[in-house]
Every structure is written in C-alpha cells, then in structure tokens.
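Under full-length UniProt numbering, residues 1 to 326 are what the sequence shown spells out, in order.
Since the hints were derived computationally from the structure, they do not count as laboratory data. Built from N, CA and C at the ideal position, the CB exists for glycine as well. Just so you know, not all the hints are guaranteed correct.
[Said to hold, decoys possible] Okay, the calculated beta carbon distance ranges per label pair:
1. TYR319 to LYS293: 39 to 45 Å
2. LYS181 to GLY247: 28 to 34 Å
3. ASP42 to ASP278: 39 to 45 Å
4. ARG307 to ASP46: 58 to 64 Å
5. SER322 to GLU5: 42 to 48 Å
6. ILE33 to LEU244: 34 to 40 Å
7. GLY247 to LYS17: 39 to 45 Å
8. THR185 to ASP25: 25 to 31 Å
9. PRO81 to LEU244: 17 to 23 Å
10. ASP25 to GLN248: 39 to 45 Å
11. HIS14 to ASP46: 53 to 59 Å
12. LYS181 to MET312: 22 to 28 Å
[Said to hold, decoys possible] No more than 27 Å apart at the CA atoms, straight line, and that leaves these computed lysine-lysine pairs for DSSO-like:
13. LYS53 to LYS189
14. LYS313 to LYS245
15. LYS181 to LYS313
16. LYS17 to LYS211
17. LYS121 to LYS189
18. LYS53 to LYS320
19. LYS7 to LYS293
20. LYS320 to LYS181
21. LYS300 to LYS180
22. LYS103 to LYS7
23. LYS211 to LYS300
24. LYS22 to LYS273
25. LYS211 to LYS231
26. LYS273 to LYS231
27. LYS206 to LYS103
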Amino acid sequence: MKFFEEKRREVMTHIEKYMLEKMHDFLKPIDTIWQPADFLPDSSRDTFFNEIKELQESAEGLSYDLIAVLIGDTITEEALPTYESWLTMVEGVSKDEEGGWMKWTRYWTAEENRHGDLLNKYLYLSGRVNMRMMEISTQYLIADGFDIGTGTDPYRNFIYTSFQELATNVSHRRVASQAKKYGDTLLSKMCGVIASDEARHAKAYKYFIEKIFEVDASEAMLAFEDMMRKKIVMPAHFLREVGLKIGQTFGHFTDAAQRLGIYTAVDYVDILKELIEDWHIESVSGLNEEAEKARDYIMKLPERLLRVADRMKNPMLEYKFSWING
Numbered sequence: 001m002k003f004f005e006e007k008r009r010e011v012m013t014h015i016e017k018y019m020l021e022k023m024h025d026f027l028k029p030i031d032t033i034w035q036p037a038d039f040l041p042d043s044s045r046d047t048f049f050n051e052i053k054e055l056q057e058s059a060e061g062l063s064y065d066l067i068a069v070l071i072g073d074t075i076t077e078e079a080l081p082t083y084e085s086w087l088t089m090v091e092g093v094s095k096d097e098e099g100g101w102m103k104w105t106r107y108w109t110a111e112e113n114r115h116g117d118l119l120n121k122y123l124y125l126s127g128r129v130n131m132r133m134m135e136i137s138t139q140y141l142i143a144d145g146f147d148i149g150t151g152t153d154p155y156r157n158f159i160y161t162s163f164q165e166l167a168t169n170v171s172h173r174r175v176a177s178q179a180k181k182y183g184d185t186l187l188s189k190m191c192g193v194i195a196s197d198e199a200r201h202a203k204a205y206k207y208f209i210e211k212i213f214e215v216d217a218s219e220a221m222l223a224f225e226d227m228m229r230k231k232i233v234m235p236a237h238f239l240r241e242v243g244l245k246i247g248q249t250f251g252h253f254t255d256a257a258q259r260l261g262i263y264t265a266v267d268y269v270d271i272l273k274e275l276i277e278d279w280h281i282e283s284v285s286g287l288n289e290e291a292e293k294a295r296d297y298i299m300k301l302p303e304r305l306l307r308v309a310d311r312m313k314n315p316m317l318e319y320k321f322s323w324i325n326g
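Construct all of the structure, not just a fragment, from the sequences and the given hints.
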C-alpha cells in the first residue's frame, strides 16, 4: 500500500508541470470571464422590476420536469464545498497552498462557484420555486457528502471528474436547448455558458489522465476498469428532500431528466465511448496481463451497456417535488 501511494505521488509530481503549463488553456482569466451579474436583472437600474417581470413571464412557460431538473442541477452545483474538500484529499495533492495541484483546485473551484450562484438567483427570481425546500436539500447534500468510489486515488478521481464534467456539460446544454424551445432565452444563455465551462474543465481532467497513461499505463487502465465496474455515480446521488432518507429524491430527479432526454443511459455510453477514443485505449502499449484484461472489459462495455439501455423503458411515474410551487 505504501509503494502504491508513493508511486501515485511520483506520478502526480511528474504531471504537475504539464498541468501548470496548460492550466490557462483550461481556465479563463478572472477579470474577463462571465459573472452571474452579466445575466441577471440589475437592482441598481430603474428597469429592475420590469426585468424581473419579464424573467418570470419566460419562466412560467417552462415544464414541470424541466424546472425539477434545473433545481437538481443547481443543488448539484451548490454542493461545491464537498467537491473542493474531496479534491484536496487526493493522494499527491500537496497541502502547500502555493503547490500546483492546490492552485488548480482553487482556480477550478472559483470557476465552478459561479454556476450555482447564477442558477440559484435565477430560480429565486423566477417565482416557480419553494426556495426554503430547495435550500434544505442543498444543505443536506453538502452535509451528507458523497461516496463515489474513488477514495484518495488521483487516477480514479481524475477518471471520475473527466466523466462527470462531460455529463454536466450534456445536462446543462440540453437544459439550454429545452429552455430555448419554451421561449426562455435568458435561461438558455445561462445554461449555455455553464455548459461551455464544463466542457473546458472536462478537457483538463482528460488531459491529466492522458499524461498518466503515458507514464503508468497499466495502473491507469486498471483504475479506468474499476471505475466503470462500479459505475460513475452522479455527485448528487445522495439528493433528498425534507423528511426523506439519503438518496430518496435522486431517482425522481433522474427520472425527470430521462423523460426529457436531458441525460439518459445512452448519454452515459456516449461519454464512455468518447473517453475510450480520447485516451486511445485500444492502442495503449506496455500493459501487463491484468491491465490487458481490463482493457478488454472496457472495450466491450459500450456495446453491453447499449443493449441494457435499449431495454430500459422511459420512466412515466409522476412525482411532486417539494421544491416546486403549485
């Protein structure tokens, strides 16, 4: 175990210099990147209340399921303290505040922090949401934490974040598309810029894993296989409402996303295919026997998962969320 941890730390030190070189390709300058205030009604203007009225009129046309998914996405974004503390515990992340990996974690967190701020304010102004019920769910999700099966292993962590950033990109992009269909162009723009952030962040984590494959291919392959056997669980899989047990609301949230086609089992497979292609899994060389078996499992997995997805029925169960007014 000690050798395992030392090797991980060595690899993290090795790829840290590549991360620092590319960091500003994956993160934008703070002074020029968008901020929530760029999209929201400005309380200092005489037109403030008219702008809120327009926002509410647009939001009124959004479907029940779409509001539910948007709230679930917002709560997921607002559980950011959990994700930051998790990343600081990864093996090889120096606790030195000026260390490269801590710098990455802080800057990544700073960009992500804008997402929850923007969506929360939109939902508050929309008049569609019981904010207290939503805020209770947010507090629960942060307090309950999550168990995503990565431990402190950087390989599993970065495989998870590569997958998860791609998944959030899909979800926000599809909400943007649905919002536009319902005539809410403001929400569409909001979710569009958030999706763009997630796509950049996905490129970063995919790049980290790409560099790991270059120096520790067998262990990286085994980590990839392990995460796919466990299945990539969403960071909000402990989602609950007041009076419910951990995770009881999550299924209803994902049902709504599946019904709308915002995030489906087929999307899960498409993301897996993208990672297999981007990490050149089929052509990775120098694998030991165990890692070769792991590769074989990974390469066959998309077809297996698609067969399962084809048999899945679209969930029709109606559920009334405590978050949504009326």
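*Using the Cβ atoms, figure out if ILE33 sits within 34 to 40 Å of LEU244.*
37 Å, holds
*Can the suggested window of 39 to 45 Å be confirmed for the beta-carbon pair TYR319 and LYS293?*
42 Å, holds
*asked:* Please verify whether LYS17 and LYS211 have alpha carbons no more than 27 Å apart.
replied: Holds. LYS17 to LYS211 sits at ~11 Å (cutoff 27 Å).
_Checking one constraint from the list: CA of LYS103 to CA of LYS7, max 27 Å. Satisfied?_
22 Å, holds
*If you draw a straight line from the CA of LYS211 to the CA of LYS300, is it 27 Å or shorter?*
The given pair, whose Cα atoms are some 24 Å apart, holds under the 27 Å limit.
*So the hint says 25 to 31 Å: do the beta-carbon atoms of THR185 and ASP25 match that?*
30 Å, holds
*Can the restraint linking LYS273 and LYS231 be considered satisfied, given a maximum Cα separation of 27 Å?*
14 Å, holds
*Evaluate the given range 28 to 34 Å for the C-beta pair formed by LYS181 and GLY247.*
Roughly 31 Å apart at Cβ, these two residues keep to the hinted range, so it holds.
*Given the range 39 to 45 Å, decide if the beta-carbon distance of GLY247 to LYS17 lies inside it.*
40 Å, holds
*Is it true that the CA of LYS313 sits at most 27 Å from the CA of LYS245?*
26 Å, holds
*27 Å Cα cutoff - pair LYS121, LYS189*: Roughly 15 Å between the alpha carbons, so the hint for LYS121 and LYS189 holds.
*Is LYS53 within 27 Å of LYS189, Cα to Cα?*
18 Å, holds
Violated hint: 21 only; the structure is consistent with all others.
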